[in-house]
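S.K.: Now for the letters of each chain:
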Amino acid sequence: MIKKLLSYLLLCVLIVSVKQLNAQSEPLFNKYHSGNEVQQILKTLHQNNAAKTQLHNIATSPGGEQITVLEIGSNLDDAPAIFVGANFEGNIPLSTEGALYFAKMLLDSSSYTENIKWFILPLPNPDAAKGFFASVKNNRSVNDFVVNNDMDEATNEDGFDDLNGDGFITQMRVKDLSGTHFVSKNDPRIMVRADAKKGERGEYKMYAEGIDNDEDGKYNEDGEGGINVGIAFPHLFSHKIKEAGIWPGQTPEVYGLLRFIFDRPNIAMAYTLGSSNFCLVPPKGGRRGGANLESIKIPSRYARMLGVDASKTYKMDEVVELMKTIVPAGMEVTPSMVAGFLGLGAAVNPLDDDLKFYTKFSEDYKEYLKAKKFNTETLAPVPAKNGSFELWAYYHLGIPSFSMNLFSVPKVKEEKKKEDGTVSMEDVEKMSADDFSALGEDKIAGFLKANNAPERFTAKGIIEMMKSGRFSPKQMVGMMKNMPKPEKENELSETDKALLAWSEKHWDGKGFTEWEKITHPTLGEVEIGGYVPYLKSTPNQHKIDSLLQVQIPWLMQLSKKLPNILPAKEKVTDLGAGVYKLEIYIENNGYLPYPISMGQRNNQPAPVVVVLEGDIEILEGKNRTPLGNIGGNQVKKLTWLIKADKKTTISAKIDSAVFGNNVKQINIGG
Amino acid sequence: MKKFIIFTLLFSLAIVGFSVEKGKIEVPLRFDRYYSYDEVNEALKVLNKAFPELTKLEVLGQSEEGRDIYALTINNPKTGDELSKPGVYVDGNIHGNEIQAGEVCLYYANMLLTKYGENEKVTKAVDKNSHYIIPVVNVDGRFHFFEDGNTPSSNRSIRVAKDDDGDGLFDEDAPDDLDGDGSICQMRIKDPFGRYKIDSEDKRILVPVKPGEKGEYSMLGYEGIDNDNDGRINEDAEGYLDPNRNWGFNWMPPYVQRGAGNFPLSGVGLKAIDDYISDRPNIIIGYAFHNTGGMWLRVPAEKSTGIAASDIAAYDVIGKEAEKITPGYVYKPAYDLYPTYGDFDSHLFFIHGIYSFVGELFMRSQETYTVKKEGPKEDELESFMRGTRTERSREQLKFNDNVAQGELYKDWKKFEHPVYGEIEIGGWVKMSSRLPHPFMLPDLVHRNASVVFLSALQTPEISIDVFEVKEIGKNLQQVRVRLQNAKGLPSMSAYSVSSKLYPQDMLTVSGGKVVAGGKISDKRLNKVNYKEKKPEIQFLSVPSYGVVEYQFLIEGKGEITFNYESQKAKNINTSVKL
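In order, the protein sequences belong to chains S and C.
With the working numbering applied, the first sequence covers 1 to 670.
With the working numbering applied, the second sequence covers 1 to 578.
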């Protein structure tokens, strides 16, 4: 009955256009949907659009739930595709709603799917997602994969326990001489970790709410599940993190998705709705361990073979040339082959050229949000996690990967205490490097201190870096804004302030469970309290629609940046005796290059090949010519020398798994 | 092109290479021959039929091309259930061309079964262990290696097409068996400007010309044509997906390591094998046989991953003997060769807690034709990379001529190539170089199977013993229990314990109330590390040739039972009356 009602409701919804829906309250997006409801919505969306959609069940979760991808544009043969995945960690229900909202939006106007195919995966971690609807909530992110976390005789025997019966797993604090935390002087609710270097001493030990169910002296060390799908993908995967599993793909949701995506080489872009936000903050760099291809050390045994000095460093181009001398004749040497042979390792930081478009789009996105009067003065999104889908899509598929967290708790507006003679962040942001340096060391030091700059930012050091041109005031302010603000003396951290204020305003203060004494079976007198799960990530359901309405359409904007490769123009020069010089200009009229820099490095994106067909003989050049890399809004010229005995028409075809087969007819001779 | 092959087939009269014996397959199996993919399966079926009580034959999954992957289990059900005994896993031929690895597996099975009841040691190993034997992992590879023209080194990949040359086509330009003799040999062309000339002693050998010297030949690479007409020859053969770089532990993508495949265990047959191993948590030692070079390789496969000293010691128990059982083979960590990621052996050790070895079968230096061995050993990697032949080539050719009756080398013959014109085709045939001539095979399979056999005997044998009972108060007894391992492999690897790969071994006490209990750290000084909670369950592992001792303070009287439970070692118990 409920199912029937729901489909009826959906049907009603589907006949109204997005614009109208935006104007009215949207019945579909006024609540968070459970796994079963998500499945039902996907089925309905498919049934109502049977001609252009398809459902793919790509895996069954360890908990027995289907992992379902909705394909939109299944009627298109040769078209680039965009993959949209949401809520990989299972504890951000808003992102699942975002994916469903996006699917509906795409289906409401055929213009969105004229030349792009979409794959929408709203719920890749359904086992964990059940946690939001459970009677006791613990911000669950692991699936039902059976893991014996404590290696004892039982599995899942010591999970959390809702001791105070409030439906949330919060924290326990216990007075203890060897404690690690003390009560904040600024707010008795907040616990602060004691820093021995500052002469602080802990008074409390902290535990997650629960008892030692299996009596092994440890609390909550072996709860139900599992593997967190959101950190179980192969890039920067760590088997040392128990919740990632021991190899990437061990859990079927991940394995099934990896196969599904690699079976579809036309996927040219990926969106992830979750906790990071590459749309707003470009992916972070600065990880150690990346290979520097401009400074390669050659291990001594290979150095001997190549006849080079093992103590020196070489550039990639040089090593490629050296390698050519020792490989069998006819074997092609590529940089990625050299990198593999010498064991240079994986890329771990976003490549410079790619950061350019990430930065550009993030600036555009900020403008876009500003125009929509959307508050961006919120707590910063978290960086993408190791093993996450969004990092994997960029580093392993070599395609643009954008992510979005659809909600952040607003910051509490600080009153500006602008003293005379000091400069504000906003002022500095607009200054040139010279102007800033001209402020002098004292003023700069004052500015850094007033804005809580990290200790390594010294006035002297910054002036030097500005002078050398390595650092601009704008970059510096950008970095400072993205840094977590340390707790100032006599003041709560920015996060605590924001969360407590948010709890007051939108959760009737119940976003923080006040500390309350109970008697614990083994710990004695304890107090239970703390932030409740989902406070930070999940706004009240009546906010869902308005949040999605503003942010989700940006994904549509980004999809327009895809490269688009076509034959632009050709030139035939008659050299006499039936010999012709043929020049074909291939253009990319999209904004993004193909492939992006990471795609060039990993060689994963499918090649674009120009194929000549017709009654001709090719004297110089190939009948299948790989286009190679092409920048955004750029043209590349390919040249052949051909022989045609009589007047003829040949075809030049773009052969590509991504862009479809564009054909151009060319007349030769006559 | 087809016409062309038919033409050459008709006119190539002298087919070089030893004939693959097609004799009847019966027990005991013969090992002076190589078995094709179908024949391996037939051999397994014959063994299964002859020893129905001791064997179980099953298909664990299918390959990319749909071929069955067989596993033979040898277990004596009369001495216990399969999963209750330490498991010995052995596979081979994960690289399609490394076929003698399959014969080692078949030999191991044949030896255990035919000597059971006759040889005391073999009988013991069959009764004590479960043996899991997968002779051919890369079933498509073995099939194509026999059926198609190949070099000794081609057809390693599993059959997942890859666009090696970036032209949008997949596997479209493999080498071609132009003369239809079943081997992909070398092509050379007469060329006054070439960089090679005929060797003064053996006219089959080309040697590089010295500076200023006149050349006679150019080398044109492996036999083949430009199938895709792109100006290159043989640049996009089958795959390449290296099935020994596609496993889950420490997997790295293909741009970091060629052949890795798109994602861990993307190979469907490999995934089926991983599932098969996951279902058998009793496996404690594993072998994967390859060719070539004469090596016993242990983990780790790259230097940034370390393993505990006690695990190295456990490896040494077998590795140091293995070197002697197979003269000339070297035992070393795999990273010593070159770093690899996502290799099968690391997956066994770091995911499944199995001590794992790679056996690199055969050394070409065993093809001798000389009165006395002297001089430094040839660096095989270096000579391979240079692609040159040294004086060793002359000796190898003599070996071919007078020991192998000319079956390993094809003399150079003229051939009309569609692009190059008149060329010559010749060189080492498919069944050479990395494969011993069948006359050497019995020795190879026996010695290598003996290493697997030795490690079966070294799997843990735990005994349990109550060695002291003392009354220490009213109704309170102090009981001491000893677990002893008579063999060289510990009951768990140190890595499994530290990384919590699976539940630890347990010693549980039942029948009385255990007031306190813990591991004895010094029994003479009476030092015990008491376990604070649940003292009646102790978690442990029993080291290589070692003992662990526990003390329990038990209240009350009656029959007390001590149970030792382990995933990999056999479960045992003992009782004492208080």
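Calculated from the structure, these hints are not laboratory results.
None of these values were measured; they are calculated from a predicted model.
Glycine included, every Cβ here is placed at the ideal spot set by N, Cα and C.
Treat the hints with care, as some may be off.
What the hints assert, rightly or not - Cross-link-like lysine-lysine pairs, in silico, DSSO-like; alpha carbons within 27 Å at most:
#1 C/Lys-203 / C/Lys-413
#2 C/Lys-557 / S/Lys-324
#3 S/Lys-664 / S/Lys-653
#4 S/Lys-622 / C/Lys-24
#5 S/Lys-242 / C/Lys-557
#6 C/Lys-162 / S/Lys-175
#7 C/Lys-531 / S/Lys-205
#8 C/Lys-533 / S/Lys-517
#9 S/Lys-175 / C/Lys-470
#10 S/Lys-242 / C/Lys-271
#11 S/Lys-312 / C/Lys-413
#12 S/Lys-653 / C/Lys-162
#13 C/Lys-470 / C/Lys-398
#14 S/Lys-205 / C/Lys-534
#15 S/Lys-242 / S/Lys-356
#16 S/Lys-240 / C/Lys-303
#17 S/Lys-242 / C/Lys-534
#18 S/Lys-205 / C/Lys-533
#19 S/Lys-175 / S/Lys-372
Stated by the list, open to error - Part of the chain S face toward chain C, derived, beta carbon under 8 Å:
#20 Asn-148
#21 Asp-176
#22 Gly-179
#23 His-396
#24 Asn-603
#25 Val-609
#26 Gly-614
#27 Glu-617
To be verified - Where chain S lies over chain C, by a calculated footprint (3+ residues, C-beta under 8 Å):
#28 65-74
#29 86-97
#30 258-265
#31 338-350
#32 422-429
S.K.: Work down the list of hints and note, for each, if the structure agrees.
M.R.: Taking the hints in turn, this is what the structure says about them:
no.	hint	in the structure
1	C/Lys-203 / C/Lys-413	holds (13 Å)
2	C/Lys-557 / S/Lys-324	violated (81 Å)
3	S/Lys-664 / S/Lys-653	holds (6 Å)
4	S/Lys-622 / C/Lys-24	violated (52 Å)
5	S/Lys-242 / C/Lys-557	violated (43 Å)
6	C/Lys-162 / S/Lys-175	violated (62 Å)
7	C/Lys-531 / S/Lys-205	holds (23 Å)
8	C/Lys-533 / S/Lys-517	holds (26 Å)
9	S/Lys-175 / C/Lys-470	violated (42 Å)
10	S/Lys-242 / C/Lys-271	holds (22 Å)
11	S/Lys-312 / C/Lys-413	violated (47 Å)
12	S/Lys-653 / C/Lys-162	holds (22 Å)
13	C/Lys-470 / C/Lys-398	violated (76 Å)
14	S/Lys-205 / C/Lys-534	holds (24 Å)
15	S/Lys-242 / S/Lys-356	violated (35 Å)
16	S/Lys-240 / C/Lys-303	holds (17 Å)
17	S/Lys-242 / C/Lys-534	holds (25 Å)
18	S/Lys-205 / C/Lys-533	holds (20 Å)
19	S/Lys-175 / S/Lys-372	violated (49 Å)
20	Asn-148	holds (5 Å)
21	Asp-176	violated (17 Å)
22	Gly-179	violated (20 Å)
23	His-396	holds (5 Å)
24	Asn-603	holds (6 Å)
25	Val-609	holds (4 Å)
26	Gly-614	violated (14 Å)
27	Glu-617	violated (11 Å)
28	65-74	violated (count 0)
29	86-97	violated (count 0)
30	258-265	holds (count 5)
31	338-350	holds (count 4)
32	422-429	violated (count 0)
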